[in-house]
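Please put together the full structure from these sequences, using the hints given.
Chains as they are written, first to last, in our numbering: chain A, 1 to 305; chain B, 1001 to 1307.
Hint data in this document are derived by calculation from the structure and do not stem from the laboratory. Note that CB positions come from ideal geometry on N, CA and C, so glycine has one too. Hints may contain errors.
[As the list claims (entries may be wrong)] Cβ pair distances, simulated, as ranges:
#1 B:Asp1075 / A:Ala38: 53 to 61 angstroms
#2 A:Gly205 / B:Tyr1130: 55 to 63 angstroms
#3 A:Phe52 / B:Asp1056: 53 to 61 angstroms
#4 A:Pro208 / B:Asn1003: 32 to 40 angstroms
#5 B:Gly1160 / A:Ala38: 36 to 44 angstroms
#6 A:Phe197 / B:Ala1010: 36 to 44 angstroms
#7 B:Gly1074 / A:Glu196: 55 to 63 angstroms
#8 A:Gly132 / B:Ala1010: 19 to 27 angstroms
#9 B:Arg1208 / A:Ala38: 31 to 39 angstroms
[Stated by the list, open to error] Partial chain B-side listing against chain A, Cβ under 8 angstroms, derived:
#10 Ile1137
#11 Val1146
#12 Leu1153
#13 Val1242
#14 Arg1271
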Amino acid sequence: MALALGRKPIGLDIAPVAGRSLWQDARTRFLRNRAATASLVVLVLVGLFAAFGQFLAASPPDYVDFGLLGQVKEQGAPSLTNGHWFGLDEQARDLYARVVQGTRISLMVGIVGALVAVVVGTLYGATSGYVGGRVDNVMMRIVDILKSIPYMFVLILLLMVFGRSIFMLFLGIGMISWLDMARIARGQTLSLKNKEFVEAAVATGVKPLTIILRHIVPNLLGVVVVYATILVPEMIIYESFVSFLGLGVQEPNTSWGALISDGTGTMQYGTIWQLLFPLFFFVVTLFAFFFVGDGLRDALDPKDR
Amino acid sequence: MLNYTLRRIAIAIPTLLILVAITFLLMEAAPGSPFATERGVPAAVLANLEAKYGLDRPLIQRMGIYIWNIVAHGDFGESYRLKDRTVNDLIAQGFPVTLVYGGIAFVVAVVVGVSLGVTAAVRQNTRLDYAAVGITIGAQVLPNFVMGPILILVFTLWLGWLPGGGWQGGQWQYIIMPVIALSTSYMASIARITRASMLETLNSNFIRTARAKGLPMRRVVMYHALKPALMPVLSYLGPAFVGMITGSVVVDLIFSTGGIGLFFVNAALARDYGLMLGLTVLLGALTVVFNLVVDLLYAWIDPRIRY
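What follows is the structure in structure tokens.
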């Protein structure tokens, strides 16, 4: 391990050695992975598209161009002249603006799902693993049981009973997402809790909760970050699945799944662009997430190859 | 083994009960009566309707009766919207269809996925390997609701080779696309898992010994490496099965195959609680039982696994 030497040692003609933290090492490794770096750029672009894309739209996502309603097939194709870059959807709304809106919601679902997993899953798993014994047994049995319930049906049930809203969607997705994270965090905690630094903390009288928050959780971060990037696309797929069935987001809101569903419904009439644009964004973003996840795993967990 | 089996079953039963309880509680929490949409119904009629479906009883009692009916008579209750049809009728109508294309899709996913993974691992770092890895990465971002529309677009609208939907008693040209749409992403996952674990197995000592005593590669792979390499795949079969059951909902919607999934979506859209309840319990039970079987198989095949 290199020592950080701020100044040039006197009398020796050696260049000062700059210390590198674990995170710097990880960054170097990540950037060396071309596919992961390119995917990160793609993700940033998609993020920018979701955040600022609406400023380039010809009309807001809920504006119906009545002049073209009913002749979307003939006049609604993507064109640069009338500003409908992606064409019109079946209700003669600007598809570009719709895709921006859908991207925003799909990304949000993915990120909220991952965040819930990170916060709830990590704390739950770390607590279970650290406390151990009977508590651990009970806590993990609960996860096992919840895990073996087919959640897609419960999610659909939830949306059906309490009405379809984005809040319910977030809640439903959040309820599913943390289970695997809890198991992973617990596994890591089990191997951490016998390390010397935890022993030292116990010996100096640090309270268990503080040990979990200050000593265990920070050491879990690498694994948690990697797993969270894998979770995001998974949650996006969940949401899109439900929305594809028409049971997720509700008009005038939309998401990739709903847009793909709309496009599927109309493709036989020749308006293929209504399917292809949302499909393109869905596939490209998911691809990028998977590659970034892979890159992060290699970067943060060099042992596991 | 017996001990483990009993313990696993002891977990499966509360899981099923929790599923039934969640479903019941959610329906109880739904605002209004399930018959409220039929406007202008006099209170007396409404009370009669609720009495007919047993909704005037307390929750626990209803749950008990419901579970008893399933266990003792195999009766999953009645649809609240499709009058004079029981959930059993609808299951009898849709389930065989789902079972046919779902079963084929499951077999295809496992066979193709395992072959692809094994081939890629044995020929590691050749073009074949890269092609296989490429396919699995690509297929990973093509879940059934993406794959379905793409298939219809290509094979029905552009090439005109296959019908875009329908079932027609299960003729082969109506089965192909549902099977591909349903199996692709699971095939990819199985191939990825197989490749990774096969590579690990091929690098282990007992394989080196087998090679060293002069066995041909084919024999080493088939007789020595395959079984240990497939253990992680086996544990993935549970999630894959669940995913396919859920995915059948999408397949029924896209390809109008008339399986059980379509009833599920329609029940959810029409707020048909009776049908929802029946289908959720049936599909949930299937999942739990399948997971149980996989777990037991796992413990039976791999004697090192003890919980």
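So, going through the hints one by one against the coordinates:
Against the hinted window of 53 to 61 angstroms, the Cβ-Cβ separation of aspartate 1075 of chain B and alanine 38 of chain A comes to about 57 angstroms, which satisfies the hint. Distance hint check for glycine 205 of chain A and tyrosine 1130 of chain B: the Cβ-Cβ separation is about 56 angstroms, which falls inside the suggested range of 55 to 63 angstroms. Our hint of 53 to 61 angstroms for phenylalanine 52 of chain A and aspartate 1056 of chain B holds, since their Cβ atoms are close to 56 angstroms apart. The hint said 32 to 40 angstroms for the Cβ distance between proline 208 of chain A and asparagine 1003 of chain B, and at roughly 33 angstroms that hint holds.
Evaluation of the 36 to 44 angstroms hint for glycine 1160 of chain B and alanine 38 of chain A yields a pass: the beta carbon distance comes to about 37 angstroms. Our hint of 36 to 44 angstroms for phenylalanine 197 of chain A and alanine 1010 of chain B holds, since their Cβ atoms are close to 39 angstroms apart. The given range of 55 to 63 angstroms is respected by glycine 1074 of chain B and glutamate 196 of chain A, whose C-beta atoms sit roughly 60 angstroms from each other. At roughly 22 angstroms, the beta carbons of glycine 132 of chain A and alanine 1010 of chain B sit within the given window of 19 to 27 angstroms.
At roughly 38 angstroms, the beta carbons of arginine 1208 of chain B and alanine 38 of chain A sit within the given window of 31 to 39 angstroms. Among the interface hints, the one on isoleucine 1137 of chain B holds; its C-beta lies about 7 angstroms from the nearest C-beta in chain A, closer than the 8 angstroms criterion. Hint status for valine 1146 of chain B: holds, given a least beta-carbon distance of 6 angstroms to chain A, under 8 angstroms. For leucine 1153 of chain B, the interface hint holds, since its Cβ comes within 8 angstroms of a Cβ in chain A; the closest pair sits about 6 angstroms apart.
Interface hint at valine 1242 of chain B: satisfied, since its Cβ lies 6 angstroms from the closest Cβ of chain A, which is below the 8 angstroms cut-off. Among the interface hints, the one on arginine 1271 of chain B holds; its C-beta lies about 6 angstroms from the nearest C-beta in chain A, closer than the 8 angstroms criterion.
Checked against the numbered hints listed earlier, the structure breaks none of them; every hint is satisfied.
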